[in-house]
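All chains, full assembly: derive it from the sequences and hints.
Residue-level listing of the chains:
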Amino acid sequence: MSKILIGRYIAGDSLVYRMDPRGKLLATIAFILLIFLANNPITYLIVTFFSLLAVLATGLKPKIFWDGVKPMIWLIMFTSLLQLFFTVGGQVYWQWGIFVVSSYGITNAIFIFIRFTVIILISTVMTVTTMPLEIADAIEWLLLPLKLFRVPVDKIALVMSIALRFVPTLFDETLKIMNAQRSRGADFNNGGLVTRAKAITPLLVPLFISSLETAIDLSTAMESRGYRGDQGRTKFRILKWSKFDLINLVYFILLTALLIIFRTH
Amino acid sequence: MSIKFEKVGYTYSPDSPLEKLGLQDVSFELQDGSFTAIVGHTGSGKSTLMQHFNALLKPTVGQIEIADTLITPETTNKQLKNLRRHVSLVFQFPEAQLFENTVLDDIAFGPKNFGYSEEKAKESAQFWLTRVGLPSEIGERSPFELSGGQMRRVAIAGVMAYEPDILCLDEPAAGLDPRARQQMMNLFVDYQKEGHTVILVTHNMDDVVNYADDVLVMENGRLIKHDSPAEVFQNPEWLRQHYLEEPKASLFASQLHNFSFTKQPLTKSDLIKELEQNIKG
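Chains as they are written, first to last, in this note's numbering: chain D, 1 to 265; chain U, 1 to 281.
Hints are supplied without guarantee of correctness; some may be wrong.
[To be verified] Calculated cross-link-like contacts (lysine-lysine; reagent style PhoX-like; alpha-carbon spacing at most 20 Å):
1) U/K81 to D/K176
2) U/K58 to D/K176
3) U/K280 to U/K268
Because the hints were derived from the structure by calculation, they are not lab data. Fair warning: this is a prediction, and the values are worked out from it, not measured in the lab.
As C-alpha cells, this is what we get:
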C-alpha cells in the first residue's frame with residue numbers, strides 16, 4: 001500500500017510529537033483565542049516569538065510551514081492591504097480619493113498580517129505533528145460531556161476513525177481502478193465537460209461497489225469479533241498526560257501571563 | 001515490437017518527505033513472442049515495473065522502448081493512447097474494473113476506446129466471451145450477477161478483446177480453483193502461440209517453469225537476474241537467499257536421496273522422465 005498523506009501529518013519525533021493530542025488540540029484553540037489579547041507592538045512580538053518557538057520545537061524543515069502559509073498568502077495580503085488603505089486615524093501620510101495611508105492603517109495592516117500568519121503557523125504545527133486518528137481521539141474526548149445529553153459520542157468517534165482509516169484504502173482503490181481503465185483506453189484528462197463527466201462512470205461504478213463491499217466486510221468482521229460499541233470498551237491508544245504536556249501547559253500559562261501584562265488596557 | 005529497458009529508475013513522490021525508491025537501474029530486453037515471468041518477493045518492485053510497460057508510470061530516469069514507442073521522463077500523456085492499444089495490463093483482481101450494464105458491453109469497452117466500430121467491438125466481445133470459457137448466454141446479463149471466477153474471466157476478456165501485442169498479467173489466477181487456474185494459463189499460452197508477447201507477474205514458481213521461457217527476478221527495485229527458468233532455478237541456495245520458492249518438482253527431487261538426476265527436474269513431466277530412467281536403471 002502506498003503511503004499517502006491524509007491531512008498533512010509528517011512522521012517525526014520531537015518534543016511536540018510526544019505531547020498528548022488533546023493538549024495540542026486545546027492549545028491550538030487557546031492560542032488562536034489568545035492572539036486576540038494582543039493589541040500593541042510588544043504583545044504582537046510576544047505572539048510571534050511564541051509561535052516561531054513552537055515551529056522550531058517541531059524540529060521540521062521550515063519549508064513545510066511555508067507550504068502551509070503559501071496557499072493563503074494572497075488572502076492575507078489582500079486583507080492587510082484593505083487595512084492599510086482604508087483605516088483612518090493617526091497621522092495621514094498619503095491620500096488619493098478614498099484611499100488613505102495613515103499611521104493607524106500601517107500598524108493595523110502589520111497586526112492583521114501577523115495574526116493571520118501566526119494562526120496558520122500554529123494550526124500547521126498541530127496538523128503536521130498529530131496523526132488524524134489522534135486528532136479524532138482528541139475530538140472524541142472533547143465531546144465526552146455531550147454524553148450527558150445522550151449524544152452517541154462513541155459512535156460518532158467510531159465513524160470518524162473508520163472514515164479516516166479508509167481514506168488511504170479508498171485512494172488506493174481509486175488509483176487501481178483508474179489504472180485498469182486507462183489500460184483499457186479510458187481517458188480521464190481530455191475532452192470537454194460532458195466527455196469528462198461520461199469518462200468518470202467507469203471509475204465511479206466500480207468504486208461504489210468496492211466501497212460497499214468493504215463496508216459490508218468490515219461490519220461482518222466487527223460483528224464476528226463481538227463488537228458492540230457501547231459500554232466498557234477499552235482503548236488501544238491510551239492518551240496519557242506526560243511531562244511534555246506539562247511543558248505545553250507552562251508554555252501557555254507563560255504566554256497568557258505575558259500577554260495580559262503587556263497589552264494596553 | 002521488442003521491449004527494451006535502458007537504465008530505468010523510478011522514484012515515488014520525489015522531493016517530498018515520502019520519497020521512495022521504486023526501481024533502480026533496470027536494463028533488459030525481451031524478445032517478441034516470448035513468455036516472460038517476473039518474480040520476486042512482496043515489495044520487490046514487480047508491480048512498479050509492470051506499470052512501466054504501458055507508461056502508467058513513466059521512468060524518472062532512463063528510457064523504455066516498447067511497441068515502437070519511446071518513453072522517457074519527458075513523454076506526455078497525449079502520446080500514450082496508441083501505446084496502450086498495443087500493450088495491455090491486467091491488474092490483480094481485475095474483476096474490480098467491471099462497470100457496464102451487461103457483460104458484452106463491458107468487454108466491448110476497451111475495443112471501442114481503441115477505435116473499433118460498434119459492430120466490430122460487439123463481435124470481438126462475443127468471440128472473447130466464449131474464448132475465456134464462458135457460455136454466450138451470459139453476455140446479456142449484468143456482470144455483477146456473476147460469480148467471482150466468472151467476473152475474473154469477463155475482466156480478462158475485456159482486456160484481450162482488442163488483441164494487444166503485449167499482454168502483461170499480474171497474478172491473473174490468484175484465488176481461482178486449480179482447474180480454472182489451468183484453463184486460465186492455457187488461454188495465455190495459446191495467446192502467446194498466436195504470436196503475441198506475454199508477461200506474467202507471479203509468485204507461483206510452478207507456473208514459471210511450466211509456461212515461461214524467460215524470467216526476470218526483482219529485488220529491492222533492482223533486476224538481479226534475467227535468464228531462462230532452467231538457469232534461475234538451478235541453485236536452491238541462491239533461491240533461498242532471495243526468498244524465492246523452488247518449483248514443486250525440484251523440491252520433490254531433492255528429497256529423493258537414492259536417485260540420481262542427470263539434470264534438475266523443474267516440471268512434473270521432467271520429474272517423471274527422470275524417475276523412469278532411474279527405475280529402469
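Outcome of the hint check:
1. U/K81 to D/K176: Holds, at about 18 Å.
2. U/K58 to D/K176: Roughly 16 Å separates the two Cα atoms, so the pair holds.
3. U/K280 to U/K268: holds, 18 Å
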